[in-house]
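Those protein sequences? They're chains A and B, same order as listed. Each residue of the first sequence is one higher than the one before, starting from 1 at the first, in my numbering. Each residue of the second sequence is one higher than the one before, starting from 1 at the first, in my numbering.
Note that these hints are calculated values from the structure, not bench results. Backbone N, C-alpha and C define an ideal beta-carbon position, used for all residues, glycine too. Just to be clear, a hint being listed does not mean it is correct.
As the list claims (entries may be wrong) - Examples of chain A residues toward chain B, derived with CB under 10 Å:
no. : residue
1   : K72
2   : N74
3   : A85
4   : I101
5   : S113
6   : P140
7   : L160
The residues making up each chain are set out below.
Protein chains: 2
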Amino acid sequence: MLYLIGLGLRGDDIPYSGIKALKKCSKVYCEVYTNLPGIEKKKLESILGKKINFLERKDVEEKDFIVEEAEKENIGFLVSGDPLAATTHIDLVLRAKKRNIDVKIIHASSIFSAVSETGLQLYKFGKTVSIVYPEEKFFPKSFYDTIISNKERGLHTLLLLDIKAENKRYMNPNEAFEILETVDKNKIIKKVIVVSRLGRDDQKIIYGDINELKSCSYGDPPHCIILPGELHFLEEEFLNYFKVKK
Amino acid sequence: MLYLIGLGLRGDDIPYSGIKALKKCSKVYCEVYTNLPGIEKKKLESILGKKINFLERKDVEEKDFIVEEAEKENIGFLVSGDPLAATTHIDLVLRAKKRNIDVKIIHASSIFSAVSETGLQLYKFGKTVSIVYPEEKFFPKSFYDTIISNKERGLHTLLLLDIKAENKRYMNPNEAFEILETVDKNKIIKKVIVVSRLGRDDQKIIYGDINELKSCSYGDPPHCIILPGELHFLEEEFLNYFKVKK
Numbered sequence: 001m002l003y004l005i006g007l008g009l010r011g012d013d014i015p016y017s018g019i020k021a022l023k024k025c026s027k028v029y030c031e032v033y034t035n036l037p038g039i040e041k042k043k044l045e046s047i048l049g050k051k052i053n054f055l056e057r058k059d060v061e062e063k064d065f066i067v068e069e070a071e072k073e074n075i076g077f078l079v080s081g082d083p084l085a086a087t088t089h090i091d092l093v094l095r096a097k098k099r100n101i102d103v104k105i106i107h108a109s110s111i112f113s114a115v116s117e118t119g120l121q122l123y124k125f126g127k128t129v130s131i132v133y134p135e136e137k138f139f140p141k142s143f144y145d146t147i148i149s150n151k152e153r154g155l156h157t158l159l160l161l162d163i164k165a166e167n168k169r170y171m172n173p174n175e176a177f178e179i180l181e182t183v184d185k186n187k188i189i190k191k192v193i194v195v196s197r198l199g200r201d202d203q204k205i206i207y208g209d210i211n212e213l214k215s216c217s218y219g220d221p222p223h224c225i226i227l228p229g230e231l232h233f234l235e236e237e238f239l240n241y242f243k244v245k246k
Numbered sequence: 001m002l003y004l005i006g007l008g009l010r011g012d013d014i015p016y017s018g019i020k021a022l023k024k025c026s027k028v029y030c031e032v033y034t035n036l037p038g039i040e041k042k043k044l045e046s047i048l049g050k051k052i053n054f055l056e057r058k059d060v061e062e063k064d065f066i067v068e069e070a071e072k073e074n075i076g077f078l079v080s081g082d083p084l085a086a087t088t089h090i091d092l093v094l095r096a097k098k099r100n101i102d103v104k105i106i107h108a109s110s111i112f113s114a115v116s117e118t119g120l121q122l123y124k125f126g127k128t129v130s131i132v133y134p135e136e137k138f139f140p141k142s143f144y145d146t147i148i149s150n151k152e153r154g155l156h157t158l159l160l161l162d163i164k165a166e167n168k169r170y171m172n173p174n175e176a177f178e179i180l181e182t183v184d185k186n187k188i189i190k191k192v193i194v195v196s197r198l199g200r201d202d203q204k205i206i207y208g209d210i211n212e213l214k215s216c217s218y219g220d221p222p223h224c225i226i227l228p229g230e231l232h233f234l235e236e237e238f239l240n241y242f243k244v245k246k
């Protein structure tokens, strides 16, 4: 049996049900590349009362030892956020299913619902987009079509910022603004919300014009950006608590 | 200080960080009307080591005692799912903010990210819709425009089904299919995924043609429905594990 257990947003947001499941596991792995750890190994081990084997992305993507072991015993696999929010883990589950291994997912908090902390209503979000680091000969712009299409329908857009954990590169909001401004020739993007370190004790939510927000510093990742669509008056009222100080 | 703490999908999915926060609270309330409890009071009290005061929806929406008490002491307020996924709790936070009360949200698992368990990629979901029980002189159909608009863009649609907890009415998938078929004259909706009791030990995910799924029985709530958009081959492969048995 393979238990895929979410650590949630900040690492110690692991659900009680997940801690219980881990007690049944003979081995525990952890992989946190899609997010920042924000977890000290020792602290997590003391919460869980288990030794944890930390893995790198390639151990999960390119190797099969996790599913091989889960064929014989209960294996716990800890993942930041909600386990299947990232595609890699869907692939892992698929490999387990192909071997007829039972998989139990224990869901945890995720940026996809936690952005509700801005006061924006989740059912008014359109398709999510990712902004990736442009490469020398490749500057992807398709995310902009999604932003425009959401905007035309009055919907909010969640922008996930690129993470290149292997190079310790985490796109910060100012880098994202630069990319946005390169593609947004007609300056359609005006209001912006920056959400930093959501769920952590030092989280920050800042709302304002993109020009005002460009001069802010945002500290450590992870960050994401929301482009608000049409605002209900309650959403507007809530957002005002996060207005950038001039 | 007001701690708004998510219980997650199944009630004992409360995050470890939430259990820690509760230790600082002199009083704990719980309100579960937007979801089914799935929590026995006694079990939860023994997990948390605290007495819990269960509330009804109107206690939260129409009365101010929670924020009044949070002005003077640490109050814990437990909510099913992720606390701000439902609008009522946004309103509660807003009332606290107006009184300058600090609010700490502790996020937990939510249907909005847990639907990833179907293998569908979260960033390919369009706007979420709710299907409500039609009333004698009011048959809301606007949700159908959203379904069509998502479909045209190749996006998946999450359909939340109506809950009238005060009357113990929880819309089941077959009731939802009937409403869908009333508005979908041209039979545009074909493939459907029904997700029942997600995250719980008796969860069910069933995928197939709407006509096949109409004859299934789905057991106890909560349920939701997903209308898949264009499927990536990995999504298709994953969904095949949930195909309805003929």
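These are the hints, each one checked on the structure:
1. Residue-level restraint check for K72 of chain A is violated (minimum Cβ-Cβ distance to chain B is 22 Å; threshold 10 Å).
2. Evaluation of the N74 of chain A hint against chain B yields a violated restraint, the C-beta minimum of about 15 Å exceeding 10 Å.
3. The closest approach between the C-beta of A85 of chain A and any C-beta of chain B is roughly 5 Å, which is under the 10 Å cut-off, so the hint is satisfied.
4. At about 12 Å, the closest approach between the beta carbon of I101 of chain A and any beta carbon in chain B exceeds 10 Å, and the interface hint on this residue is violated.
5. The beta carbon of S113 of chain A comes within 4 Å of a beta carbon in chain B, closer than 10 Å, and the hint placing it at the interface holds.
6. Interface restraint check for P140 of chain A: the shortest CB-CB distance to chain B comes to about 14 Å, outside 10 Å, so the restraint is violated.
7. Because the smallest distance between the Cβ of L160 of chain A and any Cβ of chain B comes to about 8 Å, under 10 Å, the interface hint for this residue holds.
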